[in-house]
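Q: Given these sequences and hints, build the entire structure.
Those protein sequence lines, which keep their order, are chains A and B. Using my numbering, the letters of the first sequence map in sequence onto residues 1 to 140. Using my numbering, the letters of the second sequence map in sequence onto residues 1 to 113.
It is worth saying that the hints were derived from the structure and are not from the lab. Incorrect hints may appear among the rest.
BS3-like, lysine-lysine: derived pairs with alpha carbons at most 27 Å apart [what the hints assert, rightly or not]:
1. K101(A) to K84(B)
2. K40(B) to K25(B)
3. K65(B) to K4(B)
4. K11(A) to K73(B)
5. K65(B) to K84(B)
6. K101(A) to K78(A)
7. K25(B) to K58(A)
8. K65(B) to K89(A)
9. K101(A) to K40(B)
10. K98(A) to K4(B)
11. K25(B) to K98(A)
12. K65(B) to K98(A)
13. K94(B) to K78(A)
14. K33(B) to K6(B)
15. K94(B) to K101(A)
16. K84(B) to K28(B)
17. K27(B) to K98(A)
18. K101(A) to K4(B)
19. K89(A) to K94(B)
20. K101(A) to K25(B)
21. K101(A) to K27(B)
22. K33(B) to K65(B)
23. K84(B) to K135(A)
24. K135(A) to K6(B)
25. K65(B) to K101(A)
26. K101(A) to K73(B)
27. K27(B) to K58(A)
28. K98(A) to K28(B)
29. K4(B) to K135(A)
30. K11(A) to K25(B)
31. K27(B) to K11(A)
32. K78(A) to K135(A)
33. K98(A) to K6(B)
34. K33(B) to K98(A)
35. K6(B) to K84(B)
36. K28(B) to K58(A)
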Amino acid sequence: METLSVQIESKSENESLARVIVSAFAARLDPTLEEISDIKTAVSEAVTNCVIHGYEEKDGIIRIECTIEDNELTINIKDEGVGIEDIEKARQPMYTTKRDKERSGMGFSFMEIFMDELKVESEVNKGTAVTMVKKIGNIS
Amino acid sequence: MQAKVKNNTLIIYVNGDLDHHNAEKIKKMADTKIMENQIKNVIFDFENSNFMDSSGIGVIMGRYKMVENIGGKICAVNMNQSIKRIFSISGLFKIIDQYDTASDAMSVIGEEE
Ligand SMILES: Nc1ncnc2c1ncn2[C@@H]1O[C@H](COP(=O)(O)OP(=O)(O)OP(=O)(O)O)[C@@H](O)[C@H]1O
Ligand SMILES: [Mg+2]
Numbered sequence: 001m002e003t004l005s006v007q008i009e010s011k012s013e014n015e016s017l018a019r020v021i022v023s024a025f026a027a028r029l030d031p032t033l034e035e036i037s038d039i040k041t042a043v044s045e046a047v048t049n050c051v052i053h054g055y056e057e058k059d060g061i062i063r064i065e066c067t068i069e070d071n072e073l074t075i076n077i078k079d080e081g082v083g084i085e086d087i088e089k090a091r092q093p094m095y096t097t098k099r100d101k102e103r104s105g106m107g108f109s110f111m112e113i114f115m116d117e118l119k120v121e122s123e124v125n126k127g128t129a130v131t132m133v134k135k136i137g138n139i140s
Numbered sequence: 001m002q003a004k005v006k007n008n009t010l011i012i013y014v015n016g017d018l019d020h021h022n023a024e025k026i027k028k029m030a031d032t033k034i035m036e037n038q039i040k041n042v043i044f045d046f047e048n049s050n051f052m053d054s055s056g057i058g059v060i061m062g063r064y065k066m067v068e069n070i071g072g073k074i075c076a077v078n079m080n081q082s083i084k085r086i087f088s089i090s091g092l093f094k095i096i097d098q099y100d101t102a103s104d105a106m107s108v109i110g111e112e113e
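A: Written out as structure tokens, the structure is:
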């Protein structure tokens, strides 16, 4: 098993950094361009949610932990922000609590569509953790 | 981020990834240009952009809402495969017209580049 563990400040500049770091780690599995783009989108959605919702654009730390086991990439992205009251509702397509900020409510839908598994854990005023799994080159 | 105004049409040359970070810059720039120039149509040119996430949907939907009531159009051109996928999954293609190049979009809108 191989692991990657990084923490970044909750800033919009770091969204692209997170995409680059995780996709460089994933490159070890020799993914296709489409798989890389799936991973980048999912990471971007999760990290952006920490910045916008978790920490409401204030200071905070975002933790990213990845593992590679066989052909499976697991990505865990965590904040210690405001948390989510109703996770099931939050995961619904087009559901957003920030419509005034031009959010479309598609973030969780993209994570679900582009990855093979999505788990969301959250506690109000404690934070949110998103775990995503993707099998690379799945032609067994 | 670069932009060009031609009569009532604004072309936005998206430079780099259209994520939350760049979305805020594009919105500010686009809205200033839209106000100053009585813009009716907006063309997003993705030639120099390879990536867009849900933040980009917000940018495009927001500008759509600004011009739809005056009969304006939003177009997207020069999109790569992964940006097209985001458009189609999110349903953006129902309200946004897609062309290969900005000049194709311009000629349909009725203006010359
Ligand atoms: N890390 C988080 N901390 C707190 N709340 C969150 C977090 N992630 C998501 N949420 C909540 O879940 C809702 C849905 O998230 P999702 O990413 O699907 O949509 P969005 O961020 O509102 O819009 P979009 O992602 O399309 O810009 C958010 O509006 C927010 O209320
Ligand atoms: Mg989101």
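Q: Now tell me if each hint is right for this structure.
A: Comparing the hints with the structure gives:
Using a Cα cut-off of 27 Å, the hinted pair K101(A) and K84(B) holds, with the two alpha carbons roughly 23 Å apart. For the given pair, K40(B) sits about 20 Å from K25(B) by alpha-carbon distance, which is consistent with the 27 Å threshold. Our distance criterion of 27 Å between C-alpha atoms is met by K65(B) and K4(B), whose separation comes to about 20 Å. A C-alpha spacing of about 33 Å is found between K11(A) and K73(B), which places the hinted pair above 27 Å, so the restraint is violated.
A distance of roughly 21 Å separates the Cα atoms of K65(B) and K84(B); the hinted pair therefore holds under the 27 Å criterion. A hinted pair counts as satisfied when its Cα atoms are at most 27 Å apart, and K101(A) with K78(A) qualifies at roughly 22 Å. Taking the CA atoms of K25(B) and K58(A), the gap is about 18 Å. The hint holds against a cut of 27 Å. With a CA separation close to 26 Å, the supplied pair K65(B) and K89(A) stays within the 27 Å bound.
Restraint check for K101(A) and K40(B): the C-alpha separation of about 22 Å stays at or below 27 Å, so the hint holds. At roughly 30 Å between alpha-carbon atoms, K98(A) and K4(B) are farther apart than 27 Å, so this suggested pair is violated. Our distance criterion of 27 Å between C-alpha atoms is met by K25(B) and K98(A), whose separation comes to about 18 Å. A distance of roughly 16 Å separates the Cα atoms of K65(B) and K98(A); the hinted pair therefore holds under the 27 Å criterion.
In summary, the hint linking K94(B) to K78(A) is not supported, as the alpha carbons are separated by about 34 Å, beyond the 27 Å threshold. The hinted pair formed by K33(B) and K6(B) meets the criterion: a straight-line CA distance of about 11 Å does not exceed 27 Å. Of the pairs offered as hints, the one joining K94(B) and K101(A) holds, with about 22 Å between alpha carbons and a cut-off of 27 Å not exceeded. Simply put, K84(B) and K28(B) have alpha-carbon atoms about 24 Å apart, close enough for the 27 Å limit, and the pair holds.
Of the pairs offered as hints, the one joining K27(B) and K98(A) holds, with about 16 Å between alpha carbons and a cut-off of 27 Å not exceeded. The suggested pairing of K101(A) with K4(B) holds, with an alpha-carbon distance near 26 Å, which does not exceed 27 Å. For the proposed pair K89(A) and K94(B), the alpha carbon gap of about 25 Å is at most 27 Å, so the pair holds. Restraint check: the Cα-Cα separation between K101(A) and K25(B) comes to about 14 Å, which is no more than 27 Å; the hinted pair holds.
This hinted pair checks out: K101(A) and K27(B) have alpha carbons roughly 11 Å apart, not beyond 27 Å. With a C-alpha separation of about 15 Å, the suggested pairing of K33(B) with K65(B) holds against the 27 Å cut-off. For the hint pairing K84(B) with K135(A), the CA-to-CA distance comes to about 23 Å; that is within 27 Å, so the pair holds. A hinted pair counts as satisfied when its Cα atoms are at most 27 Å apart, and K135(A) with K6(B) does not qualify at roughly 47 Å.
About 13 Å separates the Cα atoms of K65(B) and K101(A), which keeps this hinted pair within 27 Å; it holds. Of the pairs offered as hints, the one joining K101(A) and K73(B) holds, with about 22 Å between alpha carbons and a cut-off of 27 Å not exceeded. Distance hint between K27(B) and K58(A) is fulfilled; the C-alpha atoms sit about 21 Å from each other, no more than 27 Å. For a cut-off of 27 Å, the pair hint linking K98(A) to K28(B) stands: about 18 Å separates their Cα positions.
Between K4(B) and K135(A), the direct Cα distance comes to roughly 43 Å. Violation of the 27 Å bound is thereby established for this hinted pair. For the hint pairing K11(A) with K25(B), the CA-to-CA distance comes to about 14 Å; that is within 27 Å, so the pair holds. For the hint linking K27(B) to K11(A), the alpha-carbon distance of about 18 Å falls within 27 Å, and the restraint holds. For a cut-off of 27 Å, the pair hint linking K78(A) to K135(A) stands: about 21 Å separates their Cα positions.
For the suggested pair K98(A) and K6(B), the alpha carbons sit about 33 Å apart, so the restraint of at most 27 Å is broken. Note on K33(B) and K98(A): the hinted pairing holds, with a Cα-Cα distance of about 25 Å set against a maximum of 27 Å. Pair hint K6(B) plus K84(B) holds up; C-alpha atoms about 26 Å apart against a cutoff of 27 Å. Between K28(B) and K58(A) the alpha-carbon distance is near 20 Å, which keeps this suggested pair within the 27 Å criterion.
Checked against the numbered hints listed earlier, the structure breaks hints 4, 10, 13, 24, 29, 33; every other hint is satisfied.
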